[in-house]
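Chains as they are written, first to last, in our numbering: chain U, 50 to 622; chain B, 50 to 622.
Hints listed in this document are in silico derivations from the structure and should not be mistaken for laboratory results.
Only a predicted model underlies this, so the values are computations on that prediction, with no experimental measurement involved.
Heads up, some of the hints might be wrong.
For identical chains, the list gives no copy identity; a pair is met inside one copy or between any two copies.
[Claimed, not checked] DSS-like mimics (lysine-lysine), calculated; alpha carbons at most 30 angstroms apart, straight line:
id, residue 1, residue 2
1, LYS607, LYS460
2, LYS460, LYS148
3, LYS225, LYS582
4, LYS590, LYS300
5, LYS593, LYS507
6, LYS435, LYS328
7, LYS269, LYS607
8, LYS448, LYS310
9, LYS547, LYS448
10, LYS507, LYS607
11, LYS537, LYS448
12, LYS467, LYS324
13, LYS537, LYS607
14, LYS148, LYS310
Protein chains: 2
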Amino acid sequence: MRFSINWAKRLPILGWLPHYSVGKLQRDFIAGLTVGLMVIPQGLAYASIAELPPQYGLYSSFMGGFIYCFLGSSKDITQGPTAIMSLMVAMHSADFHSKQSSVNYAIALSFFCGIIWLLMGLFSLGFIVQIMPLPVISGFTSAAAITIGVGQIKHLLGLSNIPREFFPCIIKIFTKIAGTNVWDLTLGLICIFLLELLRYMRPVELPAHYYDSPPTRVQKVSRKFLWILCTARNAIIVFATALVALAYHEKGLTPFTLTGKVEEGLPDFQFPSLKTQDKNTTVTTLDMISDIGSGFIVIPIIGFVENIVIAQAFARKNHYEVDATQELISLGVGNIATSFFSGYPITGSFSRTAVNDMSGAATQMGGVFTGSVVLLALSVFTPFFKYIPKASLSSIIIKAVLRMVDFRIVKRMWQTNKIDLVPFFVTFFSCFYELDIGILCGVLIAMVVFLYRRLVPKIEILGEINGRYHFKLHGGVTYVGIEYLTSKVREKALVNNKSVVIFLECSTMFECDFTVTEGLVQLYHECGDRDTKLIFCDVRKDVKEMLLNAGLPTELFKSDLPEDLSGLLNTPM
Amino acid sequence: MRFSINWAKRLPILGWLPHYSVGKLQRDFIAGLTVGLMVIPQGLAYASIAELPPQYGLYSSFMGGFIYCFLGSSKDITQGPTAIMSLMVAMHSADFHSKQSSVNYAIALSFFCGIIWLLMGLFSLGFIVQIMPLPVISGFTSAAAITIGVGQIKHLLGLSNIPREFFPCIIKIFTKIAGTNVWDLTLGLICIFLLELLRYMRPVELPAHYYDSPPTRVQKVSRKFLWILCTARNAIIVFATALVALAYHEKGLTPFTLTGKVEEGLPDFQFPSLKTQDKNTTVTTLDMISDIGSGFIVIPIIGFVENIVIAQAFARKNHYEVDATQELISLGVGNIATSFFSGYPITGSFSRTAVNDMSGAATQMGGVFTGSVVLLALSVFTPFFKYIPKASLSSIIIKAVLRMVDFRIVKRMWQTNKIDLVPFFVTFFSCFYELDIGILCGVLIAMVVFLYRRLVPKIEILGEINGRYHFKLHGGVTYVGIEYLTSKVREKALVNNKSVVIFLECSTMFECDFTVTEGLVQLYHECGDRDTKLIFCDVRKDVKEMLLNAGLPTELFKSDLPEDLSGLLNTPM
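The task is simple: from the sequences and hints, build the whole structure.
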């Protein structure tokens, strides 16, 4: 463990700020503004996934950018509320009698998770993302996206009192479908259509040689305008539908289900309240911690995976390196800071990061502008937010999560490695029951599959000549496979109490664990009992050292090459 | 999956019964009797670990042998109550207001676990024992043994109202130590001393040439007598101390804490009651199942591990094969049958199996005699059992579990593979908090360690010649290591946008999972973006097929041998 701090690594701003320029400032300003226009409607919408009042989505949207500017190791990523994190928050904070309890839980969650991320960073536990199996992450993401999408249908239909859980939600929607608000449904469908249209229309910047002639200034400006229009489509849709609702309101009509009162102004800066009063029961900090339980494993891991996968994707695209430890630290500090401003857990957002990159972000400074836009919106526009129809926010969410459902991976797994479909489907289906349990089951099954494939190590039995048996190991043996290896040797060479010689060629054994050494030592003793010689050929130096330490005598090891070995096999002893 | 039943495998009795003889019957009779004399005091004692009335230990001691005679695949193993299973039972059934609830839970546990074992057997899930890491099993066994031993100290001191949990138990013993019953303590210590003495005195059968002259008939008989005396030492101690207590009782004295009333006669045959009434609450079958929860994973796994480890050890010693699937089936049927006679979960017992082997058991028939001895004891001797002092039973338990604590393994792990100490100690210490949690934490940590060691695959960078980079993989790559591999390639060969050729030698890659193929395909696309060629050399057939299915074109694969490859490296293209 290193105890000296590498400041350039731990404060990435020290790396890029000295080279900052007006050009970069311009690019960051535009990118930050664009992302800001995106995060405002998303924040309001995601708060509804988290089952919190809308302003809490905005409260979670600014500190991430400010902190990331100092601590983040990727120039593209923008941290804030995301659909999946909001769903995870709802799972742990929604089921209380008072709204205030839910809010307190959500804020406490971002405080505690922040501490966990920070600790993971300090202990360099970033490798955890590597050991999360891809099929599990993929199954989880698709299931969560579908759960979120289905959860929004109630807003699209204008129904209320629909439970949050997947299956009860579907059942309740069907029983209540007669009460659909046609205005909401129509508005929602129009929004979805317009969002799709605007996404489709967004101009793609092609390399110069694709064009017959260089674009004129007018063409350039109009293309840029269209690009901004399409990129800010969420904000435009929300603004437009809110205007429509406001117009109806002026006439004394409220055909749409509206967002309702949004708390005005900026959140207070205060230490997150880590206890709450729900109806007549006092929930202490310890109660909260034990309530959240497995959430303290699952939320930090999922949040970190979301963040690092996005960071790595853009780092690869733009040729730079991200530092997993540093991302953990920025997530940790960002979440703790957010919890002081009444925000709920944040992480890297894929859609906003992509827009940030496309908008030409030069450095992490963009987050500061994004955060400022959110603060501005909070202090000025909150009175207007109450007119936003819920159906238009839902349409944004549905559009966003539909892209996260990926079933092409099923086909690819089928073609390459069918057994990986097992953890995928176990995760996918059990996530509909509960996300935490889905992830844990998925990881467990993936581990069993991983180990199951190591149960039968590849052993070539080269046959017997004059009481000499020759076994060749292909591709190593782990603790799960040692029983198979020794039982194979026993079965072939130790059956009849004859005294024989056993050669075990181990050139492909690159490592060795304790169970393996124990198994080989036991095999050696069994051979000794039968006056049989066990010879290890071509053992790598580190493995040999382990086996010697485990108590095998040096004379068992022959460093002969396979040619030599077959010679040994043919000469009588 | 096979749907035809291999009767010889599924009913092992069909294999040995046709060759049965009077000689074998004699041997089985003696062995069965000896084990029977052992299981009676053990059953009474282990019931106290399970915190059940003593007769339930005997109720659990006979059906196992009867069933195993038909279904068991090892001639030596004897199934019945064991110290560890009794502790696991106590964990799930002890904390109720009424004793009847505890009893119902314990019986239901053996019914449900029986079903789980049977299902595991039918689905051939015997491999689960292989994927249980040895350090976890070892840490668990030592911690459980210490917990059991410490839990018996209260009986040795004659204290009552001591909690079951490890730490509260120790604390309470210290606060109550002034109330020690000196009679109990003295008796207990004498019993421990005598048990140790008798164990030490047991004659060992040496090969004939160790003796100066062949033993006389008197020597032979006296040695045999001594052997039986020493082997039945538990029964003798229990019988003798009960006689002493009875003598005191006749004089109107009760200096020792006695076992107390033992229900007379045989248990009724009845369907296990899967619900119960605890104080004023009704516990339904579903409540029971959700109460037991993780116990349904941990108890069947621990029970099976205990059983199969013992079975394999004696199979190795006596040169026969045990069938993991068949052991599961016998455990399943044995436990279900036991639950119909009010017994609690049973599994293979190490101490009794060892004695069975030493007594010369010829076949599984011994279990029938053992069971008959227990039935005889139940129907005749129960009135006498109430005089057995608790301290003498505790001394038997303490002697039995002390041998299960094994810390020499720590030294061996330290010498061979230090990282395996992490799961060992995590399991060991967390088991004192709760056994279930200890096992689960241990397995989790062992998995993380297992994967952590695969995080950095061994890649040899053979260097660059004329824009050709040569990487050589040593020992395969799994999903946890692919990120390291591709990032290493990226870092070395894809940094500057030059068009280069990358050779990746994969001769030691014996398998490939979905995440690996995805990573390599992505690397291939990245290389394509940079006009760089990625060549895979010496890829094994099955891995190549997977990569082709994943979408890599055939021309990327060169089946050249390493010699050829270095030739490629040296010739200009």
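Consistency of the hints with the structure:
For a Cα distance limit of 30 angstroms, the shortest separation of LYS607 from LYS460 across copies, 27 angstroms, qualifies, whereas the shortest one inside one copy, 48 angstroms, does not. Taking identical chains as interchangeable, the C-alpha atoms of LYS460 and LYS148 are never at most 30 angstroms apart, the minima being 44 angstroms within one chain and 56 angstroms between chains. Neither within a single protomer nor between protomers do LYS225 and LYS582 lie at most 30 angstroms apart by alpha-carbon distance, with minima of 78 angstroms and 59 angstroms respectively. For a Cα distance limit of 30 angstroms, the shortest separation of LYS590 from LYS300 qualifies neither inside one copy, at 86 angstroms, nor across copies, at 74 angstroms.
In the homo-oligomer, the alpha carbons of LYS593 and LYS507 lie at most 30 angstroms apart both inside one protomer (20 angstroms) and across protomers (17 angstroms), since each shortest distance falls under that limit. When the C-alpha separation of LYS435 and LYS328 is checked against a cutoff of 30 angstroms, the pair qualifies only within one copy, where the shortest distance is 27 angstroms, while the shortest distance between copies is 54 angstroms. In this assembly of identical chains, LYS269 and LYS607 lie within 30 angstroms of each other by CA distance neither inside one copy nor across copies; the values are 74 angstroms within and 48 angstroms between. For the homomeric pair LYS448 and LYS310, the shortest alpha-carbon distance inside one copy (25 angstroms) is at most 30 angstroms, but the shortest distance between copies (72 angstroms) is not.
Taking identical chains as interchangeable, the C-alpha atoms of LYS547 and LYS448 are never at most 30 angstroms apart, the minima being 73 angstroms within one chain and 40 angstroms between chains. In this assembly of identical chains, LYS507 and LYS607 lie within 30 angstroms of each other by CA distance both inside one copy and across copies; the values are 21 angstroms within and 24 angstroms between. Proximity of LYS537 and LYS448 under a CA criterion of 30 angstroms is satisfied in neither setting, with 56 angstroms inside one chain copy and 37 angstroms between copies. Neither within a single protomer nor between protomers do LYS467 and LYS324 lie at most 30 angstroms apart by alpha-carbon distance, with minima of 47 angstroms and 43 angstroms respectively.
Within a single copy, LYS537 and LYS607 get their C-alpha atoms as close as 21 angstroms, which meets the 30 angstroms cut-off; across copies the closest is 34 angstroms, which misses it. Taking the shortest Cα distances, LYS148 and LYS310 sit within 30 angstroms of each other inside one copy (14 angstroms), while across copies they are farther apart (58 angstroms).
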